[in-house]
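Asks: Sequence:
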Amino acid sequence: MIHSMTGYGKSVLQLPTKKITLEIKSLNSKNLDLNARMPSIYREKELSLRKLIGKQLERGKIDFSIYVEVTGEETTTQLNKPVVKQYMKQLKEVVDGDETELLKMAVRFPDALNTERDEIDENEWNTILDEIKVALSRIDTYRLDEGKVLEADFKNRIASIADLLEQVIKMDPERIEGVRERLRKGVEDLKEKVDQNRFEQELVYYIEKFDITEEKVRLQNHLEYFISALNSKDSNGKKLGFISQEIGREINTIGSKSNYAPMQKLVVQMKDELEKIKEQLLNVL
1 MIHSMTGYGK SVLQLPTKKI TLEIKSLNSK NLDLNARMPS IYREKELSLR KLIGKQLERG
61 KIDFSIYVEV TGEETTTQLN KPVVKQYMKQ LKEVVDGDET ELLKMAVRFP DALNTERDEI
121 DENEWNTILD EIKVALSRID TYRLDEGKVL EADFKNRIAS IADLLEQVIK MDPERIEGVR
181 ERLRKGVEDL KEKVDQNRFE QELVYYIEKF DITEEKVRLQ NHLEYFISAL NSKDSNGKKL
241 GFISQEIGRE INTIGSKSNY APMQKLVVQM KDELEKIKEQ LLNVL
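Every letter in the sequence shown is one number past the one before it in the UniProt record's numbering, and letter 265, counting from 1, is 265.
If you are wondering where the hints come from, they were derived from the structure by calculation, not from laboratory data. There are no misleading hints in this set.
The calculated DMTMM-like cross-link candidates involving lysine to aspartate or glutamate, where the alpha carbons are at most 20 Å apart (straight line), are:
#1 Lys18 x Asp121
#2 Lys133 x Asp145
#3 Lys155 x Asp234
#4 Lys155 x Glu275
#5 Lys133 x Asp63
#6 Lys271 x Glu151
#7 Lys19 x Glu122
#8 Lys155 x Glu246
#9 Lys170 x Glu208
#10 Lys10 x Glu58
#11 Lys25 x Asp140
#12 Lys257 x Glu174
#13 Lys133 x Glu44
#14 Lys61 x Glu46
#15 Lys10 x Glu23
#16 Lys155 x Glu273
#17 Lys133 x Glu23
#18 Lys216 x Asp172
#19 Lys10 x Glu46
#20 Lys61 x Glu146
If you anchor each label on the Cβ, the simulated ranges turn out as follows:
#21 Thr253 x Ser228: 20 to 28 Å
#22 Glu275 x Asn123: 49 to 57 Å
#23 Met1 x Ile169: 30 to 38 Å
#24 Pro173 x Arg218: 15 to 23 Å
#25 Glu275 x Glu214: 21 to 29 Å
#26 Ser29 x Glu181: 48 to 56 Å
#27 Thr21 x Gly54: 17 to 25 Å
#28 Glu275 x Ser65: 32 to 40 Å
In this text, a Cβ means the ideal position worked out from N, Cα and C, and glycines have one as well.
Required output: the full structure, derived from the provided sequences and hints.
Replies: Below is the structure:
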């Protein structure tokens with residue numbers, strides 16, 4: 001079952017004095033690219049959080065955020081009164097303003113506020129960690145749902161390529177006969193007598209260069225392998241990408257050997273379906 005790398009998970013935790021919002025967003029990326037935003041008090045837990053998120057989500061461009069909103073009376077930020085008073089005194093020497101306006105300006109300056117750094121309460125952190133796991137579970141469900149949509153699209157497009165290949169197979173005898181006739185007509189136009197046996201030998205050699213039997217068999221095998229990999233328990237976008245490259249190689253070879261306009265039109269349609277598959281594969285975990 002494939003998973004998309006696009007996902008979103010959110011969870012909100014209400015503690016006695018604070019409200020904590022946890023958000024995880026992910027987009028496609030070749031590797032794990034994790035960006036974490038959190039209050040400084042939780043920074044010591046960042047490394048363990050990165051390991052947890054990386055193990056769960058594996059790959060993708062991931063943004064993880066912890067937002068804290070104080071809802072109780074408890075606060076660790078205090079006004080640095082001596083510094084604020086000094087700022088206001090200096091401002092009065094520069095401008096003649098209202099005390100309230102000067103205060104608004106003073107509290108924006110450096111060191112106007114003191115923030116005491118609390119130690120992490122381990123019980124509180126364990127509660128937050130449980131909620132982070134809830135958010136991870138939600139983004140995983142989101143990715144799985146997106147993966148089901150992608151899987152259905154892949155199966156439809158692979159079926160379309162298989163159907164076009166069947167048309168190519170049915171058309172092949174007609175194409176070969178057309179090649180024979182063009183060669184015969186070319187020789188007749190020369191109005192030269194030729195050795196019929198030698199001509200047949202050369203004809204067989206020439207037609208063998210346009211033979212696509214091996215490509216047809218390999219393409220069928222690759223299409224079946226793609227579906228088999230798609231139905232496996234693991235989500236492996238890179239493996240599916242490698243198989244799609246092999247599919248493309250066989251389609252291109254059939255196109256270059258076809259030398260027959262109706263068949264080349266079918267090849268173009270196969271290429272179009274494959275390109276759409278490749279685009280979507282960039283988003284598969």
